[in-house]
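S.K.: Sequence:
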Amino acid sequence: MMKDGDVSRTFCGSRAYAAPEILRQIPYNGFTVDVWSAAIVLYIMITGVMPYNSDNPRKMLNRQLQHRVSFPKLIFLSDDVKELLYQMLHPSPSDRITYQEMLD
1 MMKDGDVSRT
11 FCGSRAYAAP
21 EILRQIPYNG
31 FTVDVWSAAI
41 VLYIMITGVM
51 PYNSDNPRKM
61 LNRQLQHRVS
71 FPKLIFLSDD
81 VKELLYQMLH
91 PSPSDRITYQ
101 EMLD
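Per full-length UniProt numbering, residue 1 is the first one in the sequence shown, and the count goes up by one each step.
Careful: at least some of the hints might be erroneous.
Here are the simulated SDA-like cross-link-like pairs (lysine to any residue), alpha carbons at most 25 Å apart as the crow flies [stated by the list, open to error]:
| no. | residue 1 | residue 2 |
| --- | --- | --- |
| 1 | K73 | V41 |
| 2 | K82 | S94 |
| 3 | K82 | L103 |
Source of the hints: derived by calculation from the structure; they are not laboratory data. Nothing here was measured: the structure is a model prediction, and the numbers come from that model.
Based on the sequences and whatever the hints tell you, model everything.
M.R.: Shown next as structure tokens:
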């Protein structure tokens with residue numbers, strides 16, 4: 001079990017759900033990458049589509065690093081939901097919202 005401050009280098013799972021730091025093979029904190037993956041799942045649950053197309057991994061990573069998050073036009077999402085997802089999908093782990101910040 002990871003403790004706060006521990007880092008990992010292991011990549012498991014699908015690229016489409018992986019945080020940018022994992023895709024860039026940078027040692028990462030398990031808690032911050034879990035926030036990213038939770039955001040991907042939440043985005044899919046709300047919109048029915050992936051936030052980033054994973055057909056071209058390089059393009060997907062570039063969109064992630066540019067912090068480009070778009071939402072389907074035909075689905076109403078509150079500004080609060082959009083802002084939460086935007087914060088959860090921040091490409092910089094140190095700027096990404098934490099679970100504790102979400103609860104506060």
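S.K.: Against each hint, give a clear statement of whether it holds in the structure.
M.R.: Here is what the structure says about each hint:
{"no.": "1", "hint": "K73 <-> V41", "result": "19 Å, holds"}
{"no.": "2", "hint": "K82 <-> S94", "result": "20 Å, holds"}
{"no.": "3", "hint": "K82 <-> L103", "result": "16 Å, holds"}
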